[in-house]
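K.L.:
Next come the chains, spelled out residue by residue.
Protein chains: 2
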Amino acid sequence: MSGLLYLDDLAIGRRFGSATKVVDESEITSFAKRFDPQPFHLDREAATNSRFGGLVASGWHTVAMTMRLLVHSEFRIAGGIVGTGFDEFRWITPVHPGDTLRLETEVIDVRRSTRKPAQGLVKVRITTLNQNSEPVQILLANLVVPSRSARPISGK
Amino acid sequence: MSGLLYLDDLAIGRRFGSATKVVDESEITSFAKRFDPQPFHLDREAATNSRFGGLVASGWHTVAMTMRLLVHSEFRIAGGIVGTGFDEFRWITPVHPGDTLRLETEVIDVRRSTRKPAQGLVKVRITTLNQNSEPVQILLANLVVPSRSARPISGK
Chain Z
1 MSGLLYLDDL
11 AIGRRFGSAT
21 KVVDESEITS
31 FAKRFDPQPF
41 HLDREAATNS
51 RFGGLVASGW
61 HTVAMTMRLL
71 VHSEFRIAGG
81 IVGTGFDEFR
91 WITPVHPGDT
101 LRLETEVIDV
111 RRSTRKPAQG
121 LVKVRITTLN
131 QNSEPVQILL
141 ANLVVPSRSA
151 RPISGK
Chain W
1 MSGLLYLDDL
11 AIGRRFGSAT
21 KVVDESEITS
31 FAKRFDPQPF
41 HLDREAATNS
51 RFGGLVASGW
61 HTVAMTMRLL
71 VHSEFRIAGG
81 IVGTGFDEFR
91 WITPVHPGDT
101 LRLETEVIDV
111 RRSTRKPAQG
121 LVKVRITTLN
131 QNSEPVQILL
141 ANLVVPSRSA
151 RPISGK
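Residue numbers (this note's numbering), protein chains in the order written: chain Z, 1 to 156; chain W, 1 to 156.
What you were told as hints is all true, and nothing was included just to trick you.
One copy or two, either will do: identical chains are not told apart, so a pair holds if it fits within one copy or between any two.
The calculated DSSO-like cross-link candidates involving lysine-lysine, where the alpha carbons are at most 27 Å apart (straight line), are: (1) K123 to K33; (2) K21 to K123; (3) K21 to K33.
No lab work stands behind these hints, which were simulated from the structure alone.
Please read these numbers as outputs of a predicted model, since none were measured by experiment.
Go ahead and model the full structure; you've got the sequences and the hints to work with.
P.N.:
See below:
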């Protein structure tokens, strides 16, 4: 269980990095076929005539790749990463085949629950950046995080 | 091109339904393996000891299924469904294997762009409901929508 983070460990301003992920063209099109079958995500030629001028990843694919990087990052929350929603959610720059993504995660707020003192609400800003360090996506996420006194529900 | 919606067609209050999607357990676990490998999404037994008390779909899987239902719904925007982000994004109730999902999409606001008069910003509330008509997810999405004068960038 070592290395798992509890509410007690998360101070405002604490930052976490991630590994990187190279975005593969076949992954873009196979995700799109399954979940977001629109020409600019499916087919290089059709995409050249779209508003994007070329093939781009579905925003939902970008966010799914973000989640995978987050789960495997050092931001290892006891009981898992359990979100209730987002105060902010923006796609800023399209993600293209060959881009390399990485995350910067920063703790923005930490509040113990008054109703359920064994847990709290943590706000984190998860910025997904490309190889030019341009943000492609910014999420301000609300997460439910157990405190150390709540180990029985840690889910591992 | 018939049936495609332009900015000019979208009045506040206009509503769109969708088909339904039965959530399959193997789809939940295979999505999770790929993008959100946490015990409560991966494995029925591990999930019983988690805060959810049973296997639940990743929120990212729910939103991806939502996108697929939306793309195939009557909400067919010329040039595709292109989101810039969300004013609201909430997961309300977990999605379990066997649940049946459907969407209710409502136009909340329509504004022509002053900088780019050939397009506009449309806010839509996309509510994903389960078989008991409980909302499981609410998105208030900002979409870029071309006006009829902008057909060359329609992307089809």
